[in-house]
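Peer 1: Sequence:
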Amino acid sequence: MSTTFWVIIAAAVATYLTRVGGHLVISRFERVHPRVEAGLNAVPAAVLTTLVAPAVLSAGPAEWAALIVAGAVSLRGGLLSMFLAGAAVLILARQFIA
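Counted the way full-length UniProt numbering counts, the sequence shown spans residues 1 to 98.
In case anyone wonders, no lab produced these hints; they're calculated from the structure. We treat Cβ as the ideally placed atom computed from N, Cα and C, and that holds for glycine. Please note: incorrect hints may appear among the correct ones.
Derived Cβ-Cβ restraints for the label pairs, each shown as a range [to be verified]:
#1 Ile68 <-> Val47: 18 to 24 angstroms
#2 Ser58 <-> Thr4: 35 to 41 angstroms
#3 Pro44 <-> Ile68: 18 to 24 angstroms
#4 Ile91 <-> Ala45: 36 to 42 angstroms
#5 Gly77 <-> Val47: 20 to 26 angstroms
#6 Ile91 <-> Val47: 20 to 26 angstroms
#7 Leu57 <-> Val7: 25 to 31 angstroms
#8 Ser2 <-> Leu84: 24 to 30 angstroms
#9 Val52 <-> Phe96: 21 to 27 angstroms
#10 Leu17 <-> Gly77: 33 to 39 angstroms
#11 Ile68 <-> Ala38: 25 to 31 angstroms
#12 Arg35 <-> Ala14: 26 to 32 angstroms
#13 Ile68 <-> Leu24: 39 to 45 angstroms
Can you build the whole structure from these sequences, using the hints too?
Peer 2: Here you go:
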């Protein structure tokens, strides 16, 4: 078996244990403090920002166009329409601009 296989297995196990561990810790409490709940609700946005920020900082015109279109579509549409619009603009802009 290759090293890549074992890295993927280790990452999967680490992810699973992290998720189960978080669930076990939170399930020990009868009620979650509102501040803790607010912090946990902010985690998805923080993770998304962490993933998107480096790409935005090193982005070219095609990526900026896709980001602007996705942002505009997100104001009116749902998550799927935002993703599809951003992806379509990125593909077309990379094909014709860059």
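Peer 1: Please go over all the hints and tell whether each is borne out by the structure.
Peer 2: Going down the list of hints, with the structure as the test:
Take Ile68 and Val47: their Cβ atoms lie about 22 angstroms apart, and the range 18 to 24 angstroms holds. The hinted range of 35 to 41 angstroms is not satisfied by Ser58 and Thr4, whose Cβ atoms lie roughly 26 angstroms apart. Checked against the hint of 18 to 24 angstroms, the C-beta distance between Pro44 and Ile68 comes to roughly 22 angstroms, which is consistent with it. A beta carbon spacing of about 26 angstroms between Ile91 and Ala45 contradicts the range 36 to 42 angstroms that was offered as a hint.
Gly77 and Val47 have their C-beta atoms about 22 angstroms apart, which keeps the hinted 20 to 26 angstroms range intact. Evaluation of the 20 to 26 angstroms hint for Ile91 and Val47 yields a pass: the beta carbon distance comes to about 25 angstroms. For Leu57 and Val7, the hinted distance range of 25 to 31 angstroms is satisfied, since their beta carbons lie about 27 angstroms from each other. For Ser2 paired with Leu84, a C-beta distance near 35 angstroms fails the hint of 24 to 30 angstroms.
At about 23 angstroms, the beta-carbon gap between Val52 and Phe96 stays in the expected band of 21 to 27 angstroms. Taking the beta carbon of each, Leu17 and Gly77 are about 36 angstroms apart, inside 33 to 39 angstroms as hinted. With their beta carbons about 30 angstroms apart, Ile68 and Ala38 fall inside the hinted range of 25 to 31 angstroms. At about 27 angstroms, the CB distance of Arg35 to Ala14 agrees with the hint of 26 to 32 angstroms.
At about 42 angstroms, the CB distance of Ile68 to Leu24 agrees with the hint of 39 to 45 angstroms.
Checked against the numbered hints given earlier, this structure breaks hints 2, 4, 8; the rest are met.
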